[in-house]
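Engineer: Below, each chain spelled out in residue letters.
Number of protein chains: 2
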Amino acid sequence: MKILESPDQILEMTARFQSGETKLGFVSAMGLLHEGHLALIRKAREMADSVLVMVYANPALVQDDETLLRLKEQRPADIELLASEGVDYACFPGRKELHPKDHRTHVRLDKLDQRFRGIETDQYLTGLATVYLQAMNLFRPNFVFVAQKNYLDFLILKRLIRDLDVRTEPVLSPTVRDENGLPYSSFHGLFGDAEKGVALKVCQALGAAREELMAGEKSAVRIIQRMQELMGREPLLHVRFVGILDPGNLEPLERVTRDALVYVVAHVGRFRFTDNFIFHVQQD
Amino acid sequence: MKILESPDQILEMTARFQSGETKLGFVSAMGLLHEGHLALIRKAREMADSVLVMVYANPALVQDDETLLRLKEQRPADIELLASEGVDYACFPGRKELHPKDHRTHVRLDKLDQRFRGIETDQYLTGLATVYLQAMNLFRPNFVFVAQKNYLDFLILKRLIRDLDVRTEPVLSPTVRDENGLPYSSFHGLFGDAEKGVALKVCQALGAAREELMAGEKSAVRIIQRMQELMGREPLLHVRFVGILDPGNLEPLERVTRDALVYVVAHVGRFRFTDNFIFHVQQD
Chain A
1 MKILESPDQI LEMTARFQSG ETKLGFVSAM GLLHEGHLAL IRKAREMADS
51 VLVMVYANPA LVQDDETLLR LKEQRPADIE LLASEGVDYA CFPGRKELHP
101 KDHRTHVRLD KLDQRFRGIE TDQYLTGLAT VYLQAMNLFR PNFVFVAQKN
151 YLDFLILKRL IRDLDVRTEP VLSPTVRDEN GLPYSSFHGL FGDAEKGVAL
201 KVCQALGAAR EELMAGEKSA VRIIQRMQEL MGREPLLHVR FVGILDPGNL
251 EPLERVTRDA LVYVVAHVGR FRFTDNFIFH VQQD
Chain B
1 MKILESPDQI LEMTARFQSG ETKLGFVSAM GLLHEGHLAL IRKAREMADS
51 VLVMVYANPA LVQDDETLLR LKEQRPADIE LLASEGVDYA CFPGRKELHP
101 KDHRTHVRLD KLDQRFRGIE TDQYLTGLAT VYLQAMNLFR PNFVFVAQKN
151 YLDFLILKRL IRDLDVRTEP VLSPTVRDEN GLPYSSFHGL FGDAEKGVAL
201 KVCQALGAAR EELMAGEKSA VRIIQRMQEL MGREPLLHVR FVGILDPGNL
251 EPLERVTRDA LVYVVAHVGR FRFTDNFIFH VQQD
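Line by line, the protein sequences are chains A and B.
First residue of the first sequence: 1, per our numbering; consecutive thereafter.
First residue of the second sequence: 1, per our numbering; consecutive thereafter.
Check before you lean on any hint, since a few could be wrong.
A pair holds if it fits inside one copy or across any two, identical chains being indistinguishable in the list.
[To be verified] Subject to a maximum C-alpha distance of 30 Å in a straight line, what follows is the list of computed BS3-like cross-link-like pairs (lysine-lysine):
1) K196 x K43
2) K158 x K111
3) K2 x K43
4) K101 x K111
5) K101 x K72
In case anyone wonders, no lab produced these hints; they're calculated from the structure.
Only a predicted model underlies this, so the values are computations on that prediction, with no experimental measurement involved.
Make the full structure from the sequences, and use the hints.
Structural biologist: Structure follows, in structure tokens:
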């Protein structure tokens, strides 16, 4: 595995993939690598000739010093894991490289931003879109892989790729879960038993929603209400959003008569936690 | 000259330049080609191995149907001119291609936007930055050439290239003027004598400002006042902005003790008209 440290090394790497005959797959991570990342890497190895992993703690996602320190401490283990998974290139840009102090150009997804607004902050949305675009411009991958768990990220990415004529194909990959059904996230390893317990309530609420949908329930409001009851009131769990949305444009659905994204964003302790599933409706 | 009409043709073209050994130069025009464009093309031929010209009426710049019609009528003459100048590739994207109805992702230059705000509309700034980025992503040129006349465009471009990690070098090229000193613009050929007369007043005011600066005047407010007097009140001339700015960040200067961008934006009849010069101050 080659670790890309300078712009020259990046240029040299991308030159290899510019003919279009060999394909580069891209996976983004904030560090604290887990099974979910490994699944993306394996998918990337299947679809592309080489795999590049960028590990970057986007300031839109991570601000607290404690997490930044953990990310830094974990770096040697992350590198070892990437190498053992057959990753070809790894890049660990610093904040100064992608976000120097006078970095002031941002990508905004106007209408999508409005729909996300109840769900995520502007800073989150713009920060995510901007870093994705920077990475696409720097590395020029053929494919970029995102986990279903981060469906909103996927939608942001898909949209900016289309609207800004980026030459990359976004690929959605299934969520990977631990033996309890909890989706792996960068914070998974930082959760104690209490955090795992409340995070599982979110997954269980989603499971209940799926069952109701399969049993024929069509009313979004009834399903959401049931989910909220199941998640209950827990000091460690702050549910920020529960929605049943059109997976294409995130418009809220009143009745589930077509495909629906059932989506929860929460905070578990100080960590962001999100999970979702897409319910596919058979059209006659 | 090859006219690029499909995404496949664009991909095939860019593949030629991806090794980095041969360089592609990019010139953007809205049509109604003039001497200013030809100067950019000649500069591009000097610095690059091949030259691509994109002719596109950015909706942020052109809305009126009459101008759009003129642009369309002029197309065959534009093509002939480009071919005669040794342009290698020309591309005439339609609005549906770069701005389909649900195109909603935009590039914003946060702080620069604020400074521009007195000068240009948000729509202008965002529209320009977004189309530039789209063109950079589509064509992946090594160089992009902008005329000094459009210094603000150059600054927008330079900023987005740096902040979004675009791999293109922006190149500023001198303004080309007709025998009267009027800078060529896409509207130059549409000006009647009356329009030319009032546009010249803008150029003369800039000339007077240069003379005052050379004579040692340091007060921006006195120079601006003198310029406004010289431009006077003309029914055809709507001066929208007169400024003396730091050329690096567009902050207004009170005293010209370092390099200064002296800049006018006006409307001549229904056409946007801009001219400027940079005054270089010798530092001891």
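Engineer: Please go over all the hints and tell whether each is borne out by the structure.
Structural biologist: Here's how the hints hold up against the structure:
1. K196 x K43: within (27 Å within a copy, 63 Å between copies)
2. K158 x K111: both (14 Å within a copy, 27 Å between copies)
3. K2 x K43: Within one copy only: 20 Å inside, 39 Å across.
4. K101 x K111: So K101 and K111 pass the 30 Å test inside a copy (28 Å) and across (12 Å) alike.
5. K101 x K72: The answer is within: 21 Å in one copy meets 30 Å, while 44 Å across copies does not.
The earlier numbered hints are all upheld by this structure, with none contradicted.
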